[in-house]
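Residue 107 in the numbering used here is what sits at position 30 of the sequence shown, and the numbering runs on without skipping anything.
Hints listed in this document are in silico derivations from the structure and should not be mistaken for laboratory results. Glycine is no exception: its CB is placed at the ideal position from the N, C-alpha and C atoms. Be aware that one or more of the hints could be misleading.
[To be verified] Cut-off 25 Å, straight-line C-alpha distance, at most; resulting in silico cross-link-like pairs (SDA-like, lysine to any residue):
(1) K82 to R119
(2) K165 to I154
(3) K82 to V103
(4) K126 to T83
(5) K153 to K166
(6) K130 to T115
(7) K126 to D111
(8) K126 to Y84
(9) K82 to D111
[As the list claims (entries may be wrong)] Derived CB-CB ranges, DEER-like:
(10) L147 to V103: 22 to 30 Å
(11) D99 to A167: 51 to 59 Å
(12) A167 to C101: 53 to 61 Å
(13) A116 to K155: 29 to 37 Å
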Amino acid sequence: MQERKTYTREFKQRAASMVLDDNCSVPDVCASMDVGPTALRRWVDQVRKERQKGQPVPGTKAISDEQRELQQLRAKIKRLETEAEILKKATALLMSDPDRFS
Numbered sequence: 078m079q080e081r082k083t084y085t086r087e088f089k090q091r092a093a094s095m096v097l098d099d100n101c102s103v104p105d106v107c108a109s110m111d112v113g114p115t116a117l118r119r120w121v122d123q124v125r126k127e128r129q130k131g132q133p134v135p136g137t138k139a140i141s142d143e144q145r146e147l148q149q150l151r152a153k154i155k156r157l158e159t160e161a162e163i164l165k166k167a168t169a170l171l172m173s174d175p176d177r178f179s
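Generate coordinates for the entire structure from the input sequences, incorporating the hints supplied.
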């Protein structure tokens, strides 16, 4: 059984860009970059949707640099909000009975 190939985000972006921006056909790009047509069409659809909505497609990793950065920043915000909530609860617990933990 042949092992599944993995491609970098930059590779996917370039391949999709060749179809969307350079007006190359899917079969031509597949032949020149040694990638399957199904994968290339999926990347093209994803990049097209990211460009239209300005957001990554739910359930997928962002291909463009901007979308990748946006996903990372959203994850960081979520983590920081969770940490702040934990600290608020801990402070409330400590303040409710100061003698309990001394």
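We went through each hint and held it up to the structure:
For the suggested pair K82 and R119, the alpha carbons sit about 15 Å apart, so the restraint of at most 25 Å is met. Only pairs whose Cα atoms come within 25 Å are accepted, and K165 paired with I154 is accepted, the gap being roughly 16 Å. Using a Cα cut-off of 25 Å, the hinted pair K82 and V103 holds, with the two alpha carbons roughly 18 Å apart. Proximity of K126 to T83 is assessed by CA-CA distance (about 22 Å); at most 25 Å being required, the pair is judged to hold.
For the given pair, K153 sits about 20 Å from K166 by alpha-carbon distance, which is consistent with the 25 Å threshold. A hinted pair counts as satisfied when its Cα atoms are at most 25 Å apart, and K130 with T115 qualifies at roughly 23 Å. Proposed proximity of K126 and D111 is supported: the alpha carbons are some 24 Å apart, at most 25 Å. Using a Cα cut-off of 25 Å, the hinted pair K126 and Y84 holds, with the two alpha carbons roughly 20 Å apart.
A hinted pair counts as satisfied when its Cα atoms are at most 25 Å apart, and K82 with D111 qualifies at roughly 11 Å. Taking the beta carbon of each, L147 and V103 are about 28 Å apart, inside 22 to 30 Å as hinted. A hinted range of 51 to 59 Å holds for the C-beta pair D99 and A167, which are about 55 Å apart. In this structure, A167 and C101 meet the distance hint of 53 to 61 Å, their C-beta atoms being roughly 57 Å apart.
Checking the proposed 29 to 37 Å range against A116 and K155 shows it holds: the Cβ atoms sit about 30 Å from each other.
Checked against the numbered hints above, the structure violates none of them.
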